Amino acid sequence: MNKQNVITWILLLLLTVIAGLVSSEYLSYGIPLILVLAVLKFIGVAFNFMELKKANVFWRILIIGFLVVFCGLILIIKI
Amino acid sequence: MEITKIDYKNVLYPPGGILLWIIIFLELITFGAVLIAMVFSGNQEPEIFHESRLLLNVTYGTINTVFLLTSGFFMAITVHELKLNNKQRAQGYLLLTMFFGVLFLVLKSVEYYTKLNAGLDMGYNTFFTFYWMLTLFHVIHVIVGLVILTSVYFGIKKENPTTKMEDVEASAAFWHMCDLIWLLLFPVIYLIF
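From first to last, the protein sequence lines are chains A and Z. Note that the working numbering gives residue 30 to position 30 of the first sequence, counting from 1, and the numbers run on in steps of one. Note that the working numbering gives residue 100 to position 100 of the second sequence, counting from 1, and the numbers run on in steps of one.
No lab work stands behind these hints, which were simulated from the structure alone. Given the structure is predicted, the values throughout are model-derived calculations rather than measurements. C-beta atoms are modelled at their ideal positions from N, C-alpha and C, and glycine is treated no differently. Mixed in with the good hints, there may be bad ones.
Pairwise CB distance ranges (calculated) [to be verified]: (1) Leu-13/A - Gly-123/Z: 19 to 25 Å; (2) Thr-162/Z - Ser-24/A: 48 to 54 Å; (3) Thr-126/Z - Lys-53/A: 37 to 43 Å; (4) Ser-24/A - Phe-99/Z: 25 to 31 Å; (5) Lys-3/A - Gln-44/Z: 46 to 52 Å; (6) Gly-65/A - Asn-43/Z: 38 to 44 Å; (7) Asp-121/Z - Lys-3/A: 17 to 23 Å; (8) Leu-73/A - Glu-45/Z: 15 to 21 Å; (9) Leu-40/A - Tyr-113/Z: 28 to 34 Å; (10) Phe-137/Z - Ser-24/A: 26 to 32 Å; (11) Ile-23/Z - Leu-13/A: 42 to 48 Å; (12) His-50/Z - Val-6/A: 35 to 41 Å.
Only pairs whose alpha carbons sit at most 27 Å apart, straight line, appear in this in silico DSSO-like list of lysine-lysine [stated by the list, open to error]: (13) Lys-83/Z - Lys-5/Z; (14) Lys-115/Z - Lys-9/Z; (15) Lys-164/Z - Lys-83/Z; (16) Lys-157/Z - Lys-87/Z; (17) Lys-3/A - Lys-87/Z; (18) Lys-157/Z - Lys-3/A; (19) Lys-83/Z - Lys-3/A; (20) Lys-53/A - Lys-5/Z; (21) Lys-164/Z - Lys-53/A; (22) Lys-9/Z - Lys-54/A; (23) Lys-9/Z - Lys-3/A; (24) Lys-54/A - Lys-115/Z; (25) Lys-53/A - Lys-83/Z; (26) Lys-54/A - Lys-3/A; (27) Lys-54/A - Lys-87/Z.
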């Protein structure tokens with residue numbers, strides 16, 4: 001079993017539990033925090049499980065660019 | 001199994017194949033655009049969206065996230081083991097991948113059943129129109145992914161497998177795409193309103 005994948009999986013589960021706990025609290029920075037946690041999980045899956053870290057920089061920039069635009073638009077609309 | 005050495009650093013050969021990555025980006029943009037439209041609608045009717053969001057079961061959503069992430073983890077391990085030529089182990093991990101995918105569908109069905117019993121159908125309000133549209137479309141992807149993985153399982157199980165490593169990687173990329181889409185849906189639908 002690949003050690004890096006195991007560590008990624010454990011971190012992803014931790015982030016998921018934290019996101020669930022954060023949502024139950026009424027925090028002023030709740031939405032940005034939930035989005036940051038989602039972005040971290042997204043990057044964990046894309047870069048480690050999908051092995052995007054081995055891919056050409058073009059694909060890595062594209063996926064980060066998508067996340068920036070997506071989260072940026074949500075924050076602009078929501079806050 | 002036929003394993004060809006691929007130079008992933010070449011822009012034309014991302015892991016899983018360029019065609020699948022084009023599909024992945026199209027899917028992400030489509031789901032992303034609808035989610036942004038949902039957030040925009042939420043700003044027009046903030047109270048309805050907040051009250052509707054509270055009608056969702058965050059625990060179900062969290063457990064389903066765990067199921068999909070665990071399934072994705074086993075998928076990554078499957079690809080890793082196949083690259084090491086451990087066919088038997090890979091088959092076992094692939095079965096676990098599919099098992100957690102099925103668990104996701106079972107819990108989603110329970111969630112849908114409780115929502116429909118409570119009268120929270122697609123026409124209930126704008127929030128639930130988005131909820132049903134986005135989650136059902138995602139469920140369809142999971143079902144298609146499970147069909148693909150079943151085909152891969154029987155493909156690699158053969159004595160002389162005709163399934164190539166690139167086929168497995170492409171199938172894995174599709175399955176992980178279901179994770180990625182869910183990782184966008186879960187916070188927006190279940191948490192932020």
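Exercise. So which of those numbered hints doesn't the model satisfy?
Worked result: 1, 6, 7, 11, 14 and 24
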